[in-house]
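From just these sequences and the hints, can you work out the full model?
So the sequence lines, in the order shown, correspond to chains A and B. Sequential numbering of the first sequence, starting at 1, is according to the working numbering. Sequential numbering of the second sequence, starting at 246, is according to the working numbering.
No wet-lab data here; the hints were simulated from the structure. One or more hints might be untrue.
To be verified - Label pairs and their computed distance ranges (CB to CB):
1. B/N253 <-> A/D217: 32 to 40 Å
2. A/K213 <-> B/N253: 50 to 58 Å
3. B/S359 <-> A/L81: 18 to 26 Å
4. A/A34 <-> B/G271: 33 to 41 Å
Here a beta-carbon is modelled for each residue, glycine too, at the ideal position from N, C-alpha and C.
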Amino acid sequence: MVFTSGTVKRKWMALDLPILNCATLRKIQLRLAALKKDKILNEDIFFLTEHFPIFTIGKNGQRKNLLISEKYLKDSGIEILRTERGGDITYHAPGQLIVYPVIDLKKNKLSIRGYVEKLEELMIRTSFDMGVKVTRVKNAIGVWTNSQKIGSLGIVVKKDITCYGIALNINLDLTPFTWINPCGLIGIRMTSIVQETKAKDINIAMAKRYMRKHIKDVFNITFQDYSNLDELYEDMKISDQMFED
Amino acid sequence: MKEINELNIEDNLLYAEDHEWVKQEGENAVIGISDYAQDRLGDLVFVELPEIGSVFDKGDEFGSIESVKAVSDLYMPIGGEIIEINESLADTPENVNNSPYEKGWMIKIKIMDSAQLKSLMDKDTYIKQLEG
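Structure, rendered in structure tokens:
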């Protein structure tokens, strides 16, 4: 008889979604987190996706870090949304890889600080795979090339359940970042994998492939894939009614 | 991050599962977060505290803190009415990191039911929970 050694890895549910409205995913995450907090749902879940263009501000972020006028904002057609996460203002758009784990930190044996370091590690490794060396900078959470920021981070934790996560710039138009003080930092510039490498063959699908591998390694987990939300809800035995306000 | 034996867990306080500490002062109690909690949170940049006069049950959210781009909630270790808050934390949230039991205290409450103090842990029990 063969015995395997070591502990059994936790299994997360992986949801790889096409471009999704930030407000929609916000609602889904918060509801899943509430179900987890109330112990109705035990599964850990993570979302891999992109958002339509939007500025988001963290819970304690400041509107003054949006440097354009209301009219200019309106003319740009880009929405702005205040969210529950930490951090200040940032910009999301297609071409930026979003990873939002909705997980129980305690069950995954993670402290908040330890978890944030692992999220940074995901961005460092994924960037490296695509030819960009990035690092952490003391007192500035996120990941950076020499002096430019390439990946941002913001989370919220309620009773050990976390949501939101990371945003790594792959191949998006960076112009709207110049309309804000990204993360509340004055005078910093944002970059992307494509801007750094000039490689034309880099895209989100490739970034997702690398990211998926690193999520497994960094968190020492396995995952089960779901291609849409209905499939996920069915497996979790939760109904759409649970998502009604 | 500090090892468990490097943490400063004070003798004369009671501790909750969510890492808040409670110091009883007669009918009142002072509340903050432990050295373990501040260490695992990282540098605090924002502390949000409740209004004086608010009343909370044990386990209710009474505020939130932000560290390392992470917003986390604070929970009442026992129920009570807020009679004082540490207003200096608005400008110096780092005091929670540097001095979690003194300058970093968060709220003072009028205790609702002193029997709830019995649900809290002493230093030794709290350290055992941290090691567990």
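Structure-based check of all given hints:
Separated by about 35 Å at the C-beta atoms, B/N253 and A/D217 satisfy the suggested range of 32 to 40 Å. Between A/K213 and B/N253 the CB atoms are about 40 Å apart, so this pair departs from the stated range of 50 to 58 Å. A hinted range of 18 to 26 Å is violated for the C-beta pair B/S359 and A/L81, which are about 44 Å apart. Distance hint check for A/A34 and B/G271: the Cβ-Cβ separation is about 38 Å, which falls inside the suggested range of 33 to 41 Å.
In summary, the numbered hints that this structure violates are 2, 3.
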